[in-house]
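Asker: The residues making up each chain are set out below.
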Amino acid sequence: VNTKPIAEERLEAWLARGPERAPGHLLDQVLASVPTTARRTGFGISPRLTRRHARVAAWVAVAAAVVAVGAVALIPLAGVAPQPTPTPAPSSTPGDPSLDTSTWEPFTSNRFGLSFAYPPVGWDVLSHDDEVQLAGPESQGFEVMSQPVSGTTNEQDWLAGLVQNGIRSNCYPSMDRFERITVDNRPAYAVAGPGCGLFEAFVFSGGRVYLLTGEGNREELGRPMRREFFDAFVSTVRLDPSAAQSTEPTRDMGDVSLDTTTWDALASLQFGLSFRYPPGGWVVQAASEPWTTGTDPQASGTSTDDVRSNGAVFGEFWAASQPVAADVDELEWLTQFVSSTGTKSFCYPAATDFERTTIDGHAASLVSSARCRFFQAFAFVDGRAYVLTGSADPDAAGGPPMKRQVFDAFLSAVHFDPAAAR
Amino acid sequence: MLDLVERARSGDEEAFAALASASIDRCYAIAYRILRDTYRAEDATQQALLGAWRDLSKLKDPARFEAWLYRLVVNACYHESRSNRSWDARIRMVGTDPMTGSDPAIDVADQDELERAFRSLSPEHRAVVVLHHYAGFSLAEIAEIFDIPLGTARSRHHYAMRELRATLEGDARLITTKDWIA
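Read top to bottom, the protein sequences are chains D and C.
Residues in the first sequence are numbered consecutively from 143, following my numbering.
Residues in the second sequence are numbered consecutively from 512, following my numbering.
Just so you know, the hints here were simulated from the structure itself, not pulled from any lab data.
One or more hints might be untrue.
[What the hints assert, rightly or not] Some chain C residues near chain D, calculated using beta-carbon distances under 8 Å: (1) 512; (2) 514; (3) 517; (4) 540; (5) 557; (6) 675.
[To be verified] Now the stretches of chain C that chain D is said to cover, found in silico as 3 or more residues with beta-carbon under 8 Å: (7) 522-535; (8) 562-574; (9) 582-591; (10) 638-650; (11) 661-671.
[Unchecked claim] Listed next, the stretches of chain D that the computed footprint assigns to chain C, with coverage defined by at least 3 CB atoms under 8 Å from CB atoms of chain C: (12) 316-322; (13) 339-350.
Backbone N, C-alpha and C define an ideal beta-carbon position, used for all residues, glycine too.
Model the full assembly from the supplied sequences, consistent with the hints where possible.
Answerer: Structural data, given as structure tokens:
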């Protein structure tokens, strides 16, 4: 069944027209220039670090631009941080939405247990599995989500983990500059990241944490969001944590049996473990090289044992292990691992907040990232660190996301044998 | 391919020539569709491939060569597009582009309309549209290519498609998707 809107069909047919081959002389020109093109050496520079520095530089540049127009004013925690010089509210422009929220459109998300309203003209609601996105004119947007938090998790610690580990960590001021506000009559935190053109509010309620993000000036394509606009949006939010569904995906990878005795088995020649995966049409790709410290073991990578379904319903598991240096403890290793994932570090909570579990009789920790649509488990056995990942990302590969029960079934059939690792 | 990348990374010009030969058509096709200009697409492709040779030793994971190269192509397209702000005004006559194949579903008026709508997009929006709807990358893969969060890739795609639709509909009315969501 073709469900593509007609505009996309037209666009793709139009894009398909056009040259598929480069002019013959172009390759000759490139190759002729190669001998005279000086190469840059990469030693001493991590690509990830380079990207990070580039991003910081971009944020600094945007921050300077935002400060220059005086678009954002922050109210710090009273008595904690120095009072910033008040900046006048920016004057309204014809493109600004009305701040009279009584005219806004209501929207209720049972998945995340909240309702809100948004401007009636020019705004679209995009419902993803991991968040509700509101896309507006001039690259203005809101993102809304909630997720359960452990009853033992301290709010400040949770926020500190976000600030420390989130991909937007450089957008946030220090914790003492988090503003205290109320959302739906509940105490909440607010933060402005003018360098990133965002405002964010966090509410802890009913065992969940709600994240409300307002963004403008995405990649300098739009313009900064006005604080008054973000406040107007937040004022429409009503929380109902009891109505929230589990953030686990509600759909399954087809009719995968959870009886792992019916699954196929794979014994890793590289990493010292075996595991099982659902039968029928799965592609197995064994690692061709060790997984080295400081790198993220990628799906379908050369340093992971990978199995993926080859049918209409997509799912993928991959595993890897590596020796752990004697002077590195588990927490330190996990923290370094999260750092090595680069932009994906946003998917992880602080290492101290990883869920505890057991795999093959060994203590292990687990990350269930509804936001990034993967499950990942870590176990430390006889001097080796094992990483086991399951994912079924509809955006990446089509089909519904993976259920936690499927990943748990996968973990239940894992057997570690570190002595067999290469 | 991995072997070629490894060898080219260590300075093997023959290996790089093989890599360039295998990649140049794809790079050029993508660059052309972003820039809508054959000469600029040639410049961007050349710039990207020479940049790849220059910086290949800094590529940490050879398996990511393809994504890395496409990022260089897109960045070269940004550079090309911004090196002359008047590029948007360079309207080509429909039918003079080196088209291959033909789709009877797209008549001349349609081509003209799509050309104008596409040219109204920013380079960043063009890139995400081309990589998704022409090159076939998922939004998650595009996020990785651009080194941006998935949400940003989704937003860019959404904004681009909305602008395209609005232009194609011939007025400022924006299509809302809220009725499609349960």
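Asker: With reference to the structure, classify each hint as holding or not holding.
Answerer: Hint check:
no.	hint	verdict
1	512	violated (11 Å)
2	514	violated (11 Å)
3	517	violated (11 Å)
4	540	holds (5 Å)
5	557	holds (5 Å)
6	675	holds (6 Å)
7	522-535	holds (count 7)
8	562-574	holds (count 10)
9	582-591	violated (count 0)
10	638-650	holds (count 6)
11	661-671	holds (count 8)
12	316-322	violated (count 0)
13	339-350	violated (count 0)
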